[in-house]
Amino acid sequence: DAMVIQNPRYQVTQFGKPVTLSCSQTLNHNVMYWYQQKSSQAPKLLFHYYDKDFNNEADTPDNFQSRRPNTSFCFLDIRSPGLGDAAMYLCATSSPVTQETQYFGPGTRLLVL
Amino acid sequence: DAKTTQPNSMESNEEEPVHLPCNHSTISGTDYIHWYRQLPSQGPEYVIHGLTSNVNNRMASLAIAEDRKSSTLILHRATLRDAAVYYCILRGITISNFGNEKLTFGTGTRLTIIP
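From first to last, the protein sequence lines are chains A and B. Heads up, the first sequence is in the numbering used here, so the first residue is 15 and it goes up one at a time. Heads up, the second sequence is in the numbering used here, so the first residue is 1038 and it goes up one at a time.
To be clear, the hints were calculated from the coordinates, so they are not data collected in a lab. Any given hint might turn out to be false.
One side of the interface only, derived from the structure: several residues of chain A facing chain B at Cβ under 7 Å [to be verified]:
{"#": "1", "residue": "SER53"}
{"#": "2", "residue": "PRO57"}
{"#": "3", "residue": "TYR63"}
{"#": "4", "residue": "GLY96"}
{"#": "5", "residue": "LEU97"}
{"#": "6", "residue": "GLY98"}
{"#": "7", "residue": "ALA100"}
{"#": "8", "residue": "ALA101"}
{"#": "9", "residue": "VAL126"}
Label-pair ranges, simulated between beta-carbon atoms [unchecked claim]:
{"#": "10", "chain 1": "A", "residue 1": "ASN77", "chain 2": "B", "residue 2": "GLU1103", "range": "39 to 49 Å"}
{"#": "11", "chain 1": "B", "residue 1": "MET1096", "chain 2": "A", "residue 2": "LEU41", "range": "18 to 28 Å"}
{"#": "12", "chain 1": "B", "residue 1": "ASN1060", "chain 2": "A", "residue 2": "LEU97", "range": "29 to 39 Å"}
{"#": "13", "chain 1": "B", "residue 1": "GLN1079", "chain 2": "A", "residue 2": "GLU71", "range": "15 to 25 Å"}
Every value quoted in this text rests on a predicted model; they were computed, and no experiment measured them. In this text, a Cβ means the ideal position worked out from N, Cα and C, and glycines have one as well.
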């Protein structure tokens, strides 16, 4: 019954070591989003895909990249994680059919050592 | 997107109604009012949204002021499972961004339910 799936739920990486976070969806939605949520803060949008069209937020660091190989999957790549990148990373989906509602996954908590 | 203002925190007793306020004095005519909530250690969850008229669904009710400069999310009978951070978000939908909605979260209201 899961709709937006994020694996793993917890990820530990080392300072400077590339890491990839995964998101998949069973909703067949056109749009997939990645948000960053630091401790005690609100989620902040990093970028999103509308189908294969990539939309980067102006203040998203170059260290963050994304790939969407097909409708169901989207990946967040952090090329050289710093201590400040430790956060919860949330994936969400939406579709014009859902009338503006976004569906979020449970998130992946990233720890950088 | 226009800005919203919410109290940082609120408390309510279990099984009593909860009224969560949101001010959005700079709302424009095309802005929808959305509410999401985030339970501990989970992703945000859609609650309700509206434009001008009051709205009801199985989770909550949304009361929108006549001038649309404020709104109130109403949980009719709070349970311990309603303890969460509640976000009030304005979404302006235009032809150019339809289907590319993004949510700009404010600080939200942390709701504590007292047993």
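Hint by hint, here is what the structure shows:
1. SER53: violated, 12 Å
2. PRO57: Constraint on PRO57/A satisfied, holds at 5 Å.
3. TYR63: Since chain B brings no Cβ nearer than about 10 Å to TYR63/A, farther than 7 Å, the hint is violated.
4. GLY96: This hint is violated: GLY96/A lies away from chain B, its Cβ roughly 23 Å from the closest one there, beyond 7 Å.
5. LEU97: violated, 22 Å
6. GLY98: Violated. Min distance 19 Å.
7. ALA100: The hint is violated - ALA100/A has no Cβ within 7 Å of chain B, the shortest such distance being about 16 Å.
8. ALA101: violated, 13 Å
9. VAL126: This hint is violated: VAL126/A lies away from chain B, its Cβ roughly 19 Å from the closest one there, beyond 7 Å.
10. ASN77/A / GLU1103/B: 39 to 49 Å: holds, 47 Å
11. MET1096/B / LEU41/A: 18 to 28 Å: Holds, since MET1096/B and LEU41/A (Cβ atoms, about 19 Å apart) stay within the stated range.
12. ASN1060/B / LEU97/A: 29 to 39 Å: holds, 36 Å
13. GLN1079/B / GLU71/A: 15 to 25 Å: holds, 23 Å
Consistency with the previously given hints fails for numbers 1, 3, 4, 5, 6, 7, 8 and 9, ordered from lowest to highest.
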